[in-house]
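Q: Spelled out from the first residue to the last, the chains are:
There are 4 protein chains.
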Amino acid sequence: MRVKDVKKVVLAYSGGLDTSVILKWLQTTYQCEVVTFTADLGQGEELGPAREKALLLGIKPENIFIDDLRETFVKDFVFPMFRANTVYEGQYLLGTSIARPLIAQRQIEIAEQVGADAVSHGATGKGNDQVRFEIGYYSLKPDVKIIAPWREWDLTSRTRLIEFAEQNQIPIAKDKRGEAPFSVDANMLHSSSEGKILEEPWDAPDEIVWQRTISPMDAPDVATEITIDFKNGDAVGINGEALSPATLLTRLNELGKANGIGRLDLVENRFVGMKSRGCYETPGGTILLQAHRAIESITLDREAAHLKDSVMPRYAEVIYNGFWFSPERRMLQALIDASQASVEGTVRLKLYKGNVIVTGRKSPHSLYSMKHVTFDEDQGAYDQFDAQGFIKLNALRLRLGAMAGRKGGTL
Amino acid sequence: MRVKDVKKVVLAYSGGLDTSVILKWLQTTYQCEVVTFTADLGQGEELGPAREKALLLGIKPENIFIDDLRETFVKDFVFPMFRANTVYEGQYLLGTSIARPLIAQRQIEIAEQVGADAVSHGATGKGNDQVRFEIGYYSLKPDVKIIAPWREWDLTSRTRLIEFAEQNQIPIAKDKRGEAPFSVDANMLHSSSEGKILEEPWDAPDEIVWQRTISPMDAPDVATEITIDFKNGDAVGINGEALSPATLLTRLNELGKANGIGRLDLVENRFVGMKSRGCYETPGGTILLQAHRAIESITLDREAAHLKDSVMPRYAEVIYNGFWFSPERRMLQALIDASQASVEGTVRLKLYKGNVIVTGRKSPHSLYSMKHVTFDEDQGAYDQFDAQGFIKLNALRLRLGAMAGRKGGTL
Amino acid sequence: MRVKDVKKVVLAYSGGLDTSVILKWLQTTYQCEVVTFTADLGQGEELGPAREKALLLGIKPENIFIDDLRETFVKDFVFPMFRANTVYEGQYLLGTSIARPLIAQRQIEIAEQVGADAVSHGATGKGNDQVRFEIGYYSLKPDVKIIAPWREWDLTSRTRLIEFAEQNQIPIAKDKRGEAPFSVDANMLHSSSEGKILEEPWDAPDEIVWQRTISPMDAPDVATEITIDFKNGDAVGINGEALSPATLLTRLNELGKANGIGRLDLVENRFVGMKSRGCYETPGGTILLQAHRAIESITLDREAAHLKDSVMPRYAEVIYNGFWFSPERRMLQALIDASQASVEGTVRLKLYKGNVIVTGRKSPHSLYSMKHVTFDEDQGAYDQFDAQGFIKLNALRLRLGAMAGRKGGTL
Amino acid sequence: MRVKDVKKVVLAYSGGLDTSVILKWLQTTYQCEVVTFTADLGQGEELGPAREKALLLGIKPENIFIDDLRETFVKDFVFPMFRANTVYEGQYLLGTSIARPLIAQRQIEIAEQVGADAVSHGATGKGNDQVRFEIGYYSLKPDVKIIAPWREWDLTSRTRLIEFAEQNQIPIAKDKRGEAPFSVDANMLHSSSEGKILEEPWDAPDEIVWQRTISPMDAPDVATEITIDFKNGDAVGINGEALSPATLLTRLNELGKANGIGRLDLVENRFVGMKSRGCYETPGGTILLQAHRAIESITLDREAAHLKDSVMPRYAEVIYNGFWFSPERRMLQALIDASQASVEGTVRLKLYKGNVIVTGRKSPHSLYSMKHVTFDEDQGAYDQFDAQGFIKLNALRLRLGAMAGRKGGTL
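Which chain is which? The protein sequence lines are X, D, Z and F, in order.
No gaps in the numbering here: position 318 of the first sequence is 318 in UniProt numbering, and each next residue is one more.
No gaps in the numbering here: position 346 of the second sequence is 346 in UniProt numbering, and each next residue is one more.
No gaps in the numbering here: position 311 of the third sequence is 311 in UniProt numbering, and each next residue is one more.
No gaps in the numbering here: position 155 of the fourth sequence is 155 in UniProt numbering, and each next residue is one more.
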């Protein structure tokens with residue numbers, strides 16, 4: 001690895017041991033000025049210590065950036081994604097994937113502001129996050145230099161890392177000396193755990209893995225009933241109370257946590273080519289997905305809904321692979337957003353021991369027509385006889401095929 | 001409605017009041033010979049009474065067909081559909097849709113056998129089932145005459161129907177005199193309820209609606225752990241015991257029922273153009289879907305899996321709309337089936353109060369490589385440095401775009 | 001066919017014999033007031049006679065609407081469609097399909113204006129146009145009554161039609177007495193011919209069929225070179241001269257015609273279920289399609305282009321089937337339009353005896369980077385070594401598959 | 001670049017200067033045994049000299065492999081691809097892309113046979129071909145070592161390359177001393193030219209670029225009429241004469257060449273992320289594509305055809321990017337091949353100065369029903385009245401939308 005010529009680098013800094021080592025390693029290796037950026041995405045840790053630690057490691061106060069991005073995160077990243085009912089590989093709610101582009105975006109903004117020529121992050125060379133960060137960086141600042149320490153350095157074992165920390169007077173919390181039993185990423189949308197004790201996909205995850213939700217087994221024996229209000233495809237209130245995006249998601253997280261909702265134990269396919277096993281907790285997001293589908297069920301036209309469904313896997317892949325800041329994501333978003341103007345109304349749900357049960361949906365823009373669907377006399381709203389012509393012409397090509405010897409749709 | 005010239009008609013006959021009225025009405029209106037066909041698809045009703053009733057209504061013994069199609073149903077219809085992880089509109093497991101083509105197929109076989117020129121069914125003119133039956137008929141026998149009494153006759157109210165029954169000495173069970181509070185369809189895969197008291201989508205369904213599963217609330221407080229074995233993409237055993245398709249699905253239904261699994265309350269879009277609300281119970285199918293996804297997660301290549309995901313919504317639509325016997329279904333099936341040869345192995349699951357929780361998966365054909373994914377030293381299985389080139393070339397088009405003024409993937 | 005209760009009907013009226021007969025038949029059969037609407041879509045016929053004939057048939061002057069819709073047609077229908085490089089079934093440029101929604105839209109506007117409760121058109125019951133008209137009507141005015149005389153009346157042979165005309169004093173041009181050898185539809189985008197002498201798909205079309213282009217055989221022996229300028233994805237000028245949409249398309253039609261460009265002899269699949277054979281002439285559109293693809297080739301991002309390509313067949317089907325005024329068309333249009341902001345620049349073409357040959361393209365927003373692609377020394381613009389990591393990670397899943405016994409991507 | 005430990009390498013060897021230099025460089029740099037493999041894919045060069053040159057450069061006779069792969073190439077690669085009417089980015093017939101996997105496959109077979117641990121090719125680090133070769137290698141032999149000299153060595157200018165050749169007694173043809181004005185790749189399906197004088201996309205290609213076709217301007221003034229016979233979706237004869245795949249394509253190439261057919265000047269998007277400009281000549285393939293579409297137009301069901309169209313862009317991308325030996329290509333192929341059983345019959349075409357004009361198609365399995373489509377009396381084959389119900393139910397969702405305030409399909 002040839003060392004790049006770097007003057008000033010903006011580091012995505014959590015304040016933890018690993019990124020503190022990276023901070024020091026950047027100073028040492030590149031002899032460059034380091035700017036730290038710490039984002040509050042609702043990961044549930046205080047950010048004060050990050051500032052102190054940065055100062056302690058010699059970062060100038062004007063080079064320390066700590067931002068509360070929670071509302072932006074939910075409003076401009078999480079909500080647009082949920083408009084598409086997005087799941088990766090049928091199940092994963094993309095909690096990590098959707099946070100990376102926001103961090104990259106802010107890092108590049110800071111780089112432009114402080115005149116930095118480089119950025120750096122703490123993601124390893126095996127995972128998806130390096131791709132998501134770096135695709136974001138390049139797309140927003142094509143001439144940026146990128147330093148990915150885990151792909152470059154020789155601190156490849158825990159022992160060496162601790163050694164480097166000790167040699168460089170980096171404080172080490174007691175519980176960080178040993179190997180963590182698994183690796184965690186968290187933000188307001190989800191927590192993910194992977195690696196180490198989770199690497200064998202036949203072994204059930206230990207209960208210790210789940211940190212964001214109680215077990216369905218421990219959840220209350222009575223259901224919690226709530227309503228969620230939507231407007232323009234986004235959730236805007238709970239139980240009739242209007243809430244900001246981040247406040248709303250926080251509330252849903254609490255409700256989900258208390259009712260054992262949103263756990264997922266999954267083997268997924270990484271963009272870099274291997275399979276990995278992750279345990280995800282997305283309490284509020286799991287509720288939100290069901291509720292959004294329910295409000296769409298009465299407000300979206302059939303073909304609009306099916307068209308969304310047909311592009312969703314591609315949209316999920318685009319986000320998972322790290323291409324949020326890409327033409328294809330913007331084009332797909334245009335299609336999705338164009339469908340949401342009338343996705344408005346209220347959904348009633350029961351939350352119970354891991355279950356999210358839709359029990360009602362209503363909307364001022366409902367397309368559900370009881371007059372048409374009713375089993376009772378419909379006063380001519382629908383002429384049943386029309387179905388004959390509908391069926392006969394839908395069947396015509398198949399009849400012609402069968403007459404030509406291709407019965408049953410054989411080819 | 002001009003009355004067709006019909007000599008002999010094969011009627012899909014359940015033995016219930018409605019199809020008994022149809023039977024009589026066909027005899028009266030078309031002055032034709034009626035052949036009855038009653039299928040056991042695992043709907044949970046005895047078929048003996050259907051024979052007796054047909055005899056009572058004057059059907060000759062040789063014109064009464066009663067077939068046990070349960071194994072065929074699961075093996076040739078349900079399982080192929082589950083290979084695709086098929087859900088309609090994100091949620092519905094297509095329990096009714098998948099049964100119709102089999103009934104149509106057998107009806108046409110009987111028509112060919114007895115020399116009938118017509119077929120008839122008891123589906124109404126508002127629903128999807130008429131389409132599914134008739135598309136099937138036409139595709140298999142393009143010159144067949146189709147009689148859809150509900151679109152033709154004037155027995156459009158319950159009162160008139162009962163009157164007609166009484167005038168024609170059709171026995172009426174006591175509980176069938178009044179209006180049913182909702183309409184039910186059932187087979188081995190699912191039960192569906194719709195209409196009447198379920199027509200208001202804001203009202204939660206009464207507990208009486210659910211007949212196939214106990215409530216999650218009433219399910220046991222301890223989880224039931226099972227394993228399911230797969231081969232060629234199909235489930236072949238439970239807890240290590242090899243089972244035939246229908247036996248296996250029956251077993252899963254019992255497990256699902258006992259654990260409150262597989263309820264769905266949905267507003268969906270019908271092919272005929274309106275929205276309708278249905279309450280579905282698919283206990284075994286719900287478990288099967290999760291298990292199939294889990295075994296695929298370690299045995300399917302990423303792009304194979306994503307390709308399946310991308311065509312699934314279309315495949316679901318094809319089945320929902322009634323085009324099982326069509327070239328497009330056969331082509332999609334060829335794609336799907338081509339992917340399943342190595343989908344083999346075992347999935348461990350916990351069933352608990354409505355939850356299906358995957359806790360392990362293993363396979364002799366696993367593509368999961370612990371050697372590559374591990375957080376530990378991987379002995380060079382994976383060269384982290386490769387990621388740099390991978391990212392740089394994936395980002396190149398975005399960098400070129402950004403250099404041309406289109407930062408962040410703007411267009 | 002039960003006759004509807006109609007007070008005032010707006011008829012799409014060409015002034016020809018068939019729609020004149022319809023006009024009279026509507027008056028006679030429905031005893032209703034008839035409003036005629038004649039559109040100039042560049043079909044190349046004078047509209048004056050249509051007014052005179054309508055007056056002659058007793059239509060009040062205030063009930064005669066004649067509109068020049070040529071600029072609207074090209075700007076709001078043709079151009080949006082060409083942004084997607086739309087072709088139906090790989091070849092057909094949708095010249096008829098794209099005109100129908102505009103006619104339907106204007107007809108409904110007139111109906112609202114004059115307080116008509118019904119609309120009527122002259123399309124037959126076998127074709128696509130009835131669907132396109134009526135879907136448009138229903139989508140824009142859901143309670144409108146639709147009269148489709150060809151599906152209702154008994155004037156089903158030429159003889160009867162002529163008889164009716166004679167009985168009702170409808171003037172009959174000499175050359176209209178006999179059967180036309182084929183049926184023609186025309187507008188500014190194309191002419192189509194079908195039916196009668198064209199019904200045998202093994203027979204080559206007679207030269208008489210082609211009315212809009214000279215034969216490539218008769219075209220000049222020297223090529224004509226032109227340039228076309230684009231902005232926001234639409235053509236805006238020829239040879240450096242800015243032109244309005246309709247003027248530009250007229251000019252391209254002249255150029256195409258003179259060079260034998262744009263003939264197509266096709267068997268296509270109708271929405272109503274049968275195959276039909278059509279001979280189409282789209283001289284200007286054929287040039288425009290090639291030019292648009294060429295300007296996109298240097299200005300569109302790869303994934304943007306591929307995403308457009310992947311939804312195009314669906315978009316073409318939506319338009320062909322008559323769903324211009326639908327949510328799915330609007331959503332797809334949003335995706336397509338979102339891609340066109342930088343589709344700007346100039347394309348140079350040679351037109352020669354049926355050939356459209358692109359010979360150059362340039363753009364102020366070009367994404368083509370000679371610096372990167374050059375075979376010469378590129379001063380480090382592109383690091384060839386990056387390709388190794390790119391390939392290795394793209395191949396990783398296949399290598400893991402091969403190691404698990406699935407060589408060559410077998411499944 | 002760290003030099004790998006290689007014992008025996010199979011080199012894709014053309015016999016030209018570049019791969020001769022590679023041969024020598026491999027011997028020198030890796031001190032390994034070199035096995036040469038030269039394939040006849042119909043590129044139009046004699047292979048005898050390749051053998052002589054290899055001997056001259058010290059390759060042992062048993063290490064020289066020269067194979068005529070022409071029939072395999074057309075039968076197992078070109079024809080399967082044409083079944084899908086495959087074009088990349090709307091235009092490119094993939095002539096280079098489709099040849100690479102066959103070369104890779106044979107190279108790996110030889111490697112297994114001779115016990116080689118490595119393979120090598122002469123593609124540069126900027127292009128798609130390196131990806132196609134190497135993806136193929138890895139997919140077929142996951143532990144193979146790959147040597148890509150152009151990404152590794154320092155012979156990065158023509159001068160250095162010539163120097164190396166001279167120092168190593170590699171014979172240099174007189175016309176190879178200077179820089180070629182552009183780079184050429186050829187096989188039986190096509191010739192491609194790119195680079196150097198073609199790098200400016202605004203400049204028209206010099207006539208010297210076109211080597212495989214005469215100019216439309218120079219082609220005969222009279223059309224050539226031919227017929228092509230198809231069976232199972234593949235061309236099997238010309239003018240009634242049965243021909244083997246390679247013979248047939250050769251014949252079509254001659255016909256195309258003589259009539260100026262198959263030139264394409266294109267800017268395309270490479271998988272490695274940049275745009276490039278290529279001039280392609282695919283004379284026979286261009287004819288074949290039109291003919292295949294024409295035979296499908298009367299033999300394929302509508303939805304089968306549309307489904308093929310909808311997956312084609314993905315299939316083209318898979319091949320272009322080099323993933324022939326992948327699960328996704330095999331799955332797509334299964335879908336495509338499933339559609340071709342009845343694609344049988346004869347197409348008549350006129351070839352004239354760059355034009356391929358379909359003038360007739362017929363088939364024993366035709367789905368074209370003159371009885372249904374005719375403008376004449378159809379004796380009840382088609383009941384026009386059916387169209388009313390068809391349209392009304394297709395419009396129902398849009399009417400319900402309009403009634404809910406969303407006129408014209410607004411959302």
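Each hint should be verified, as a subset may be incorrect.
Just so you know, same-sequence chains aren't split out, so a pair can sit in one copy or run between any two.
Stated by the list, open to error - Once the Cα atoms are required to be at most 30 Å apart in a straight line, the calculated BS3-like pairs of lysine-lysine come out as: (1) Lys362 with Lys350; (2) Lys350 with Lys145; (3) Lys231 with Lys174; (4) Lys350 with Lys257.
Because the hints were derived from the structure by calculation, they are not lab data.
Q: Next step is simple, just say for each hint if it's right about the structure.
A: Now for the hints, and whether the structure bears them out:
no. : hint               : in the structure
1   : Lys362 with Lys350 : within (16 Å within a copy, 34 Å between copies)
2   : Lys350 with Lys145 : neither (50 Å within a copy, 45 Å between copies)
3   : Lys231 with Lys174 : neither (48 Å within a copy, 49 Å between copies)
4   : Lys350 with Lys257 : both (14 Å within a copy, 20 Å between copies)
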